[in-house]
Every structure is written in structure tokens, then in C-alpha cells.
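> Sequence:
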Amino acid sequence: MSGSLVWETGPRGLYPFPRVRQMADHRDSSSKILPLREQAQVVDGLLATRFSTLLPAVMRETGFDMWLIICNEDHYDPVFRTIVPWSCWAPILQMVVFYDPGPGQEVERINISRTNMQGLMPESPWNPESEEDQWACLNRIVSERNPKRIGINHSSTIWAADGLTASLKERLVEALGPGTSDKLTPAEILCIRWLETRIPEELDLYQQANRIAHYLIAEVFSRNTITPGVTQIADLRWAYWQLANDLGLPVSFPPFFRRFRSPAHQRMWGEEDQTIRHGDILHCDVGVTYLRLTTDHQELAYVLHPDETEPIQGLQSAMVEGNHLQDVFTGSWEIGLSGNQILNRALSRAREAGISKPKIYSHSLGHYLHEPGPLMGLPWEQGSIPGRGDVVMHPNTCYTVELSVTRPVPEWENEEVTFMLEQNAAITTDGVVYINGRQTQFHLI
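Counting in the working numbering, the sequence shown runs from 1 upward without gaps.
Don't read these hints as lab results, they were simulated from the structure.
Ideal placement from N, C-alpha and C gives every residue a C-beta, glycine not left out.
Not one of these hints is a red herring.
Simulated crosslink set (DSBU-like; lysine-lysine; CA at most 30 Å straight-line):
(1) Lys183 with Lys169
(2) Lys148 with Lys183
(3) Lys148 with Lys169
Cβ pair distances, simulated, as ranges:
(4) Val173 with Arg60: 24 to 30 Å
(5) Lys357 with Pro91: 48 to 54 Å
(6) Ser348 with Trp380: 15 to 21 Å
Build out the structure end to end from the sequences listed, making use of the hints.
Written as C-alpha cells, this is what we have:
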């Protein structure tokens, strides 16, 4: 039987995430996944709220009174994917114009395409049967409003803010003509703020997305999936992927599983052995997407010997130290600081605390896996990272708490082992909170 887990939820912040304690809580989560039609209704409702509240706020914050999102079918702009309804089909050339007439007025949402925006945007002002083509219609819409600063999605630093292709930019400049095209300005910061910010309703739903993600891990790291001496490490990858697929959940990335074992067991079973055996540590790096919210977790399991009821002390101590590094890291988060500043502050504090070979490599999380907010380290770079590391932390944003400690395990001939952990957390003006808690004990198999 798989042992019960203890999940620790951080201090309650702006959003009342409930405490989660037992594995049974996660097992219930598979039945809480909404049918697709209801998922579509939720996503479209969230988008309507984002349009009415977040969009004007971030456009005014960043100083853009017009924002153009232009892309082609099969090559969608990353921002475009976040502004269309769940069940939308977007054929051929896509043009969306957001125009802010000023405080106290709604941001206009103008769709210049054949795409049915299903009530989230008014009927398109472009008539495909008329002599006016899309580019001429776009020029007319822009000229009628005479914006001061037009944002386009072009960036050499943030991938998710670089959705306008070179050929479409050429067509855009040609269509707008001299004068108006001079107002085109890279909207990197606007893309960041739109994509990274979670409205309150999304933060609440992120709790459920993470609960489902924790359920999947707990199910795979259990005797429901693993039979020591029989199951292969590669089986776990496919078991996880299949379970996610059966629940209708796309994986955030191909799942990864690995195994660590003592030197004595390595000598006993050989370097090529792929069978999961008693005394092994199992590690996963996995995630799913639910309601357009992405999760990303790394957790650890221990395969008990028949006479054991808990992991050896050296492994338990490593988990405690990994949790300590998490505390140091999240305690270094501060709204207004860059990813580089947070990384350097956290690593300095971790070394002062005597944490064993700390590494931090965390990133923003939301609609996309690694973008567009501040990058805080890379596995191969534990110093300042120009560009992505210079992005600052804002409230109501989510991140991975992704890191590792490397320390000797006394019971394993003092062999050094790297213990990698990753959980998801949100920062609000009230502080940092783990979304559905964090792992504080090994999964027991």
C-alpha cells in the first residue's frame, strides 16, 4: 500500500486555498474534472472577465492605447491563443485590435477576420464579400481611432511576446503607411503583464488544477502502478501519460521519471538494470494543463523494503533540507525585484544557512510553462541571466519553486545524491502561498 502523504500549505493569502493533508484528497480529484462543455464555459467566462478588468489595467499600466495581434492559421501568436474562446476555430489570417479610448471607457475588442469569437468580441467590421480586404480594413480601423502608441508582439527576449512574424510585420507597415507605422512599438511588457497575471477566479481554479496534478503523481507513485521487482522505470512515464490522457488532460511536456539507488544496490543489480526495486528513490518531473492553466511538479518516492515503514534517515534529512531551501527561496520573493535579484538573494541566504550545494532554477507559470515572467536561475547557470532574468515580479502571478540540494547519504556509503523538488506557488500583495501545498514527505511504495 502507498503511504499517506503530508502536504503543507503556506500562510493564507488573498485567496483562501484550503489545506490538503491526505492522499485521499488527491484521489477524489479525478472525479472533479469538469466535462469539456463546462470547461469551455469556465474558460470563456474567465476570458470575459480578463477582458473587462485586466486588459484595460495592463494597457494603461504599460502606456499602450492600441494593441495589434496578427497571425496566421497553424502559426498562432502565443497571445492569440489566450484571447480566443475555448471552441474557436481561427482560419487563415487573424487580426485582433484592442483600443483603449481612455479611463472610464471600455477597451474596444475588434476582430478583423472570419473567426467567430462567440460573443467575446463584437461582429467583425470586415465584410469578406466586399472589395475592402483585411489589411485595408485594419488601416481604416486604426486611422479612425488615431492611437498614440500601437503595441505589436515583437521581442528578442521573451518568446511569448514575439508572435508577429517578419513577413506579417512587413505587410503591417505597408498597410498602415508612413506616419501611422511609426507608432508601432514592441509590446513586450504588455504581453508579459497580460500573460503572467492571474485574476482572482483563476487563482482559485489553479488550486483545483494543482490538486489534480498531485493526484496523478500520487496515483503513479503507488502500488496501483508499481510492483517492486516487476515494474520498469520507463513504465511510469507511460502510466502517467496514459492516466492524464484518460482524464482528458494534455501534459505540459513529456513526463520524465528517473531512479536513484544505493551503491550496494547498483553493484548488486548492475548499471543497466531498469527494474524498480526495494530501496530505490523515484523522481518525477511532470505536469498537466487544466482550464488553460499549466502545472509543473517534481516529487520523490521511496520503495520500502518489506521490513520498513519509512525511508532511511539520510533520505528524510534530505527532504527536510530541500524544504528549508524552499523556505529560503520563497522568503526571498519580493514584488518589484527582478528574477536575478531574487535568485542572488536566495542563494546568498541559502549558503549562509549552510544548505548543501543549493541550486535554484525557477520560472513563471500560467498559460505557458516557462514564460513570460521573471526567470530565476537555470540548472547550468546560478548567476544573473540577462534579459529574462531582468523581468520583475508582480503581484497575482504564479511560479515554480524548482530547486535542488546535493548531499551525502550516510546509509549509502556517503554517496552524494541530488534531491530535486518542484512545486507551484503564487504571490499576491499578502505574500506567497503554495498552490495546493508542497511535498514534505516521500511517497511510500
